[in-house]
Amino acid sequence: MRRLVFSLAVVVHLLLLDQIVKVFAIQRLKGGSPVEILPFFNLAYVENRGCAWGMFQGQVWPLAFFAVVALVFLVWNRKSVFPAGAWGLVAEHLLYAGIIGNLIDRLYHRFVVDMFDFHWGVHHFPCFNVADACISVAAVMLLCFSLFSKEKAPDAKKDK
Numbered sequence: 000m001r002r003l004v005f006s007l008a009v010v011v012h013l014l015l016l017d018q019i020v021k022v023f024a025i026q027r028l029k030g031g032s033p034v035e036i037l038p039f040f041n042l043a044y045v046e047n048r049g050c051a052w053g054m055f056q057g058q059v060w061p062l063a064f065f066a067v068v069a070l071v072f073l074v075w076n077r078k079s080v081f082p083a084g085a086w087g088l089v090a091e092h093l094l095y096a097g098i099i100g101n102l103i104d105r106l107y108h109r110f111v112v113d114m115f116d117f118h119w120g121v122h123h124f125p126c127f128n129v130a131d132a133c134i135s136v137a138a139v140m141l142l143c144f145s146l147f148s149k150e151k152a153p154d155a156k157k158d159k
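Numbering follows numbering that gives the first Met the number 0, in which position 118 of the sequence shown is assigned residue number 117; successive positions increment by one, without gaps.
Note that these hints are calculated values from the structure, not bench results. Incorrect hints may appear among the rest.
Derived SDA-like pairs (lysine to any residue); straight-line CA-CA distance at most 25 angstroms [what the hints assert, rightly or not]:
| # | residue 1 | residue 2 |
| --- | --- | --- |
| 1 | K29 | L14 |
| 2 | K29 | I19 |
| 3 | K78 | V89 |
| 4 | K78 | I19 |
| 5 | K78 | L14 |
| 6 | K29 | G53 |
| 7 | K149 | G53 |
| 8 | K29 | F55 |
| 9 | K29 | A132 |
| 10 | K78 | A138 |
| 11 | K78 | L146 |
| 12 | K78 | S145 |
| 13 | K29 | L106 |
| 14 | K29 | G49 |
| 15 | K78 | L7 |
| 16 | K29 | S145 |
| 17 | K78 | S6 |
Quick caveat: nothing in here was measured; it's all calculated off a predicted structure.
With the hints as extra help, turn the sequences into a complete structure.
Below is the structure:
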């Protein structure tokens, strides 16, 4: 029970961070020019009506449905998806918070608010937000674990 409360608290805090930054972007950046923070990093207001790199533009309900299905799948299969231990728990929290954060935007605004704009000269990486960063970090963590861990996957242990 203590672990569940801790997990919920972490996910809620990540969600709050995501939503607070998005409210800031709406209130301070919307309708204005990008704000240069560093020579390669701006804060900018972007309404992403699709998903990664702007794919599936205007598909609010299919994208929201996919997010809910992905979330249910991950929760239902968490023991086989996420590695045991602290790093697996971190990846799990990040992934849940990222999916839910963008789902909230999609249902409330009908788009996702993005604001982090990294660029090299005129070449810009697609804008993203805290929820996107959570999902990306979790994906990299899971990929690294699957590639470099000496542990067997939970299902593989049962076969022996």
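Tested hints:
no.: 1; hint: K29 with L14; result: 21 angstroms, holds
no.: 2; hint: K29 with I19; result: 15 angstroms, holds
no.: 3; hint: K78 with V89; result: 14 angstroms, holds
no.: 4; hint: K78 with I19; result: 31 angstroms, violated
no.: 5; hint: K78 with L14; result: 23 angstroms, holds
no.: 6; hint: K29 with G53; result: 19 angstroms, holds
no.: 7; hint: K149 with G53; result: 37 angstroms, violated
no.: 8; hint: K29 with F55; result: 23 angstroms, holds
no.: 9; hint: K29 with A132; result: 21 angstroms, holds
no.: 10; hint: K78 with A138; result: 16 angstroms, holds
no.: 11; hint: K78 with L146; result: 18 angstroms, holds
no.: 12; hint: K78 with S145; result: 14 angstroms, holds
no.: 13; hint: K29 with L106; result: 19 angstroms, holds
no.: 14; hint: K29 with G49; result: 18 angstroms, holds
no.: 15; hint: K78 with L7; result: 17 angstroms, holds
no.: 16; hint: K29 with S145; result: 40 angstroms, violated
no.: 17; hint: K78 with S6; result: 15 angstroms, holds
In summary, the numbered hints that this structure violates are 4, 7 and 16.
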